[in-house]
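Asks: Residues per chain, in single letters:
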Amino acid sequence: MYQPKMKLTKEQLAILNGSEGATKAKVMETLVRYGDLFDASELVKITHSEGHLVTSFGLSLLKPVYRVMDELIKAGLKVEGGFTMDPRPVDFENVKCSPLEKLLFSTVLYGKQNFYEEQLKKLGLKEEDAFSCACYFKQMKNVPKKGDILSWAESSAVNYANSVIGARCNRNSGMIDIFGSILGYVPKFGLLTDEGRKAKWKVIVNTTKKPIPQILGSAIGIKVMEDVPYVVGLDKWIGTELNDAAVDYLKDFGAATASNGAVGLYHIENLTPEAKELGNSLLVDDYKEYVIDDEELERVYKSYPVMWLKPDKPGNLVFIGCPHLSMNQLNEWTDAIINGLKETGKKKVTCQTVLCTAPPVREEFVKTDKYKELLKTGARLTSICPLMYTSNPLTKKRRIMTPSNKLRTYTMAKYFKDEELLNYIVGKEV
Amino acid sequence: MATFKGRVINPGYYKGEAVVSHQGVNTLATFQKSALSNAKNVIVADQNNPDIFGKNITGKALCLPQTIGSTTGGMVLQVICSMGINPSCMLFSQKIDSLAAAGVILSVVWEGSDIIAIDDLGEEFLNTVKTGDTIEVKEDGTVEII
Numbered sequence: 000m001y002q003p004k005m006k007l008t009k010e011q012l013a014i015l016n017g018s019e020g021a022t023k024a025k026v027m028e029t030l031v032r033y034g035d036l037f038d039a040s041e042l043v044k045i046t047h048s049e050g051h052l053v054t055s056f057g058l059s060l061l062k063p064v065y066r067v068m069d070e071l072i073k074a075g076l077k078v079e080g081g082f083t084m085d086p087r088p089v090d091f092e093n094v095k096c097s098p099l100e101k102l103l104f105s106t107v108l109y110g111k112q113n114f115y116e117e118q119l120k121k122l123g124l125k126e127e128d129a130f131s132c133a134c135y136f137k138q139m140k141n142v143p144k145k146g147d148i149l150s151w152a153e154s155s156a157v158n159y160a161n162s163v164i165g166a167r168c169n170r171n172s173g174m175i176d177i178f179g180s181i182l183g184y185v186p187k188f189g190l191l192t193d194e195g196r197k198a199k200w201k202v203i204v205n206t207t208k209k210p211i212p213q214i215l216g217s218a219i220g221i222k223v224m225e226d227v228p229y230v231v232g233l234d235k236w237i238g239t240e241l242n243d244a245a246v247d248y249l250k251d252f253g254a255a256t257a258s259n260g261a262v263g264l265y266h267i268e269n270l271t272p273e274a275k276e277l278g279n280s281l282l283v284d285d286y287k288e289y290v291i292d293d294e295e296l297e298r299v300y301k302s303y304p305v306m307w308l309k310p311d312k313p314g315n316l317v318f319i320g321c322p323h324l325s326m327n328q329l330n331e332w333t334d335a336i337i338n339g340l341k342e343t344g345k346k347k348v349t350c351q352t353v354l355c356t357a358p359p360v361r362e363e364f365v366k367t368d369k370y371k372e373l374l375k376t377g378a379r380l381t382s383i384c385p386l387m388y389t390s391n392p393l394t395k396k397r398r399i400m401t402p403s404n405k406l407r408t409y410t411m412a413k414y415f416k417d418e419e420l421l422n423y424i425v426g427k428e429v
Numbered sequence: 000m001a002t003f004k005g006r007v008i009n010p011g012y013y014k015g016e017a018v019v020s021h022q023g024v025n026t027l028a029t030f031q032k033s034a035l036s037n038a039k040n041v042i043v044a045d046q047n048n049p050d051i052f053g054k055n056i057t058g059k060a061l062c063l064p065q066t067i068g069s070t071t072g073g074m075v076l077q078v079i080c081s082m083g084i085n086p087s088c089m090l091f092s093q094k095i096d097s098l099a100a101a102g103v104i105l106s107v108v109w110e111g112s113d114i115i116a117i118d119d120l121g122e123e124f125l126n127t128v129k130t131g132d133t134i135e136v137k138e139d140g141t142v143e144i145i
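Protein sequence lines, in the order shown, are assigned to chains A and B. Each residue of the first sequence is one higher than the one before, starting from 0 at the first, in numbering that gives the first Met the number 0. Each residue of the second sequence is one higher than the one before, starting from 0 at the first, in numbering that gives the first Met the number 0.
Any given hint might turn out to be false.
Under the rule of at most 35 Å between Cα atoms (straight-line distance), these lysine-lysine pairs were calculated in the DSBU-like manner [said to hold, decoys possible]:
hint	chain 1	residue 1	chain 2	residue 2
1	A	LYS25	B	LYS94
2	B	LYS4	A	LYS111
3	A	LYS120	A	LYS222
4	B	LYS129	B	LYS54
5	A	LYS312	A	LYS371
6	A	LYS345	A	LYS4
7	A	LYS413	B	LYS39
8	A	LYS301	A	LYS366
9	A	LYS95	B	LYS32
10	B	LYS4	B	LYS137
11	A	LYS413	B	LYS4
12	B	LYS39	A	LYS137
13	A	LYS6	A	LYS95
14	A	LYS120	B	LYS39
15	A	LYS235	A	LYS197
16	B	LYS32	A	LYS6
17	B	LYS39	A	LYS111
18	A	LYS416	A	LYS375
19	B	LYS94	A	LYS44
20	A	LYS301	B	LYS137
I should point out that these hints are in silico values taken from the structure, not numbers from a laboratory. Note that the structure is a prediction, hence the values are computed from the model and not measured.
Whole structure, please, built from the sequences with the hints as guidance.
Replies: This is how it looks when you write it as structure tokens:
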């Protein structure tokens, strides 16, 4: 029997010793062992009851996951507050696939999708369409408040919740997320502690124009890896209020810090909640400095390798929205595509263009006239995860273009700045 | 012979071949292809990691600083352990990261895996050990490069 190092309450200890069944004991043992490795002091109560799970895809290879889920269901365990999920992997209606790709997606790759979703419903899936990496959108109804303790794992959502909302969550792995949500406790260490939320890096933004969030986040992620950065000079460009434009910027910036490095929390001076409250007292005494100017951003941008199998050929598939686009971003991209085509006198986008957003945002958007205009351009709107689309080896031959640094990092997609990508989509000669 | 001592995450005895990555190992990119193809061995598929790309790491001692990449990483390691094609040891020069930690624990608690994991072996460990070296890992976290 496992001997915990952290302090447990009588109730927690009893669960560990099997008072509520062998399965719940194993769930507890997993979390306690996990916390012990990081010198967690105790298990603390989750204060935001809704969970969010990173594993939304019914990949056939995940047999042990289905077995564990079955064991949880048989033991009568579930997430009492319900949970949302990362995006579904495929949408044949809006993301065109060849017959062979479809076959591979439906059988070998995601053949377990329906089976897995049935398991998820039994474990507490909130709604039929609760599938988005941006679970913190108000339309997704899974919005924590400042100071809340969470058990999430999706790296961009953890990063956003910690940084923009001021909630507290470690950068967990899949399975740890659902275990914490079932028990209602998580081990207290790292980003759950005041000390762990202090910044080891002072990042000085010293650019002559507003930095592109995807490249700024990438530069910081690559430099600080899993440390917490305290960013000064960015408020000059994005303001001191968390309005729609600022949070959209931070969503994409944060996802780049999390994927190009392993950042779970950042502070933006005069903007994010803890930085506003505590200022530069968030910096540790012996912090390191990283100055970012125009040249540094250009250096990082130019360092991205091109992984396309035929790099000299033009792109033939565009994914926009990783993480999922907010309603504002969806409107902005739609306007930009429609107006760009008017400028070039073309009727259709130059290649398959797919915008990705959360299902409830999509539902709201498809009711608008603007959606009809978007469809006329040939662009499509989906709620899948483009990352999961690229799990299909047959898609490797596609030359994917994206303004997402996360998608670039994890796949063979090539990164383009928004403006460059738009010019390509609408056929503008540059 | 060089000797290093680390912290025991999951104990065990091992004597065999080392495979060394000087950069963080991307768990998903490393293992996904082998898992999808139901392979008998893990041939590392991460093209961004020239140290170990194309190498067979099943049954070997994988020496690395930490793991990196998608937060599905822990589960992916659990899957590989359940298939019985995991590296026998994971030897971390730094403190173990939260994703690898979850993977090792999930594998031990839910799959009964005997994967050995030692962390905090120090930077010098990775500077010394070379791919192909024979190493011996003891229950107390001692690692000897023979």
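Asks: The structure should be examined with respect to each hint, and the outcome stated for every one.
Replies: Hints, one by one, checked against the model:
As the CA atoms of LYS25 (chain A) and LYS94 (chain B) are separated by approximately 24 Å, the hinted pair is consistent with the 35 Å bound. Distance check on the hinted pair: LYS4 (chain B) and LYS111 (chain A) sit about 43 Å apart at the alpha-carbon level, beyond 35 Å; violated. Taking the CA atoms of LYS120 (chain A) and LYS222 (chain A), the gap is about 40 Å. The hint is violated against a cut of 35 Å. Taking the CA atoms of LYS129 (chain B) and LYS54 (chain B), the gap is about 14 Å. The hint holds against a cut of 35 Å.
Under the criterion of a C-alpha separation no larger than 35 Å, the hint pairing LYS312 (chain A) with LYS371 (chain A) is consistent with the structure, at around 31 Å. A C-alpha spacing of about 66 Å is found between LYS345 (chain A) and LYS4 (chain A), which places the hinted pair above 35 Å, so the restraint is violated. Restraint check: the Cα-Cα separation between LYS413 (chain A) and LYS39 (chain B) comes to about 33 Å, which is no more than 35 Å; the hinted pair holds. A C-alpha spacing of about 40 Å is found between LYS301 (chain A) and LYS366 (chain A), which places the hinted pair above 35 Å, so the restraint is violated.
A distance of roughly 24 Å separates the Cα atoms of LYS95 (chain A) and LYS32 (chain B); the hinted pair therefore holds under the 35 Å criterion. Taking the CA atoms of LYS4 (chain B) and LYS137 (chain B), the gap is about 10 Å. The hint holds against a cut of 35 Å. A hinted pair counts as satisfied when its Cα atoms are at most 35 Å apart, and LYS413 (chain A) with LYS4 (chain B) does not qualify at roughly 43 Å. Restraint check for LYS39 (chain B) and LYS137 (chain A): not satisfied, since their Cα atoms lie roughly 46 Å apart, outside the 35 Å limit.
For the hint linking LYS6 (chain A) to LYS95 (chain A), the alpha-carbon distance of about 53 Å lies beyond 35 Å, and the restraint is violated. A hinted pair counts as satisfied when its Cα atoms are at most 35 Å apart, and LYS120 (chain A) with LYS39 (chain B) qualifies at roughly 34 Å. Between the alpha carbons of LYS235 (chain A) and LYS197 (chain A) the distance comes to roughly 23 Å, so the proposed pair stays at or under 35 Å and holds. Taking the CA atoms of LYS32 (chain B) and LYS6 (chain A), the gap is about 41 Å. The hint is violated against a cut of 35 Å.
The straight-line distance between the Cα atoms of LYS39 (chain B) and LYS111 (chain A) is roughly 22 Å, inside the 35 Å bound, and the hint therefore holds. Taking the CA atoms of LYS416 (chain A) and LYS375 (chain A), the gap is near 24 Å; set against the 35 Å cutoff, the hint holds. For the hint linking LYS94 (chain B) to LYS44 (chain A), the alpha-carbon distance of about 26 Å falls within 35 Å, and the restraint holds. With a C-alpha separation of about 45 Å, the suggested pairing of LYS301 (chain A) with LYS137 (chain B) is violated against the 35 Å cut-off.
Of the numbered hints stated above, those contradicted by the structure are hints 2, 3, 6, 8, 11, 12, 13, 16, 20, listed in ascending order.
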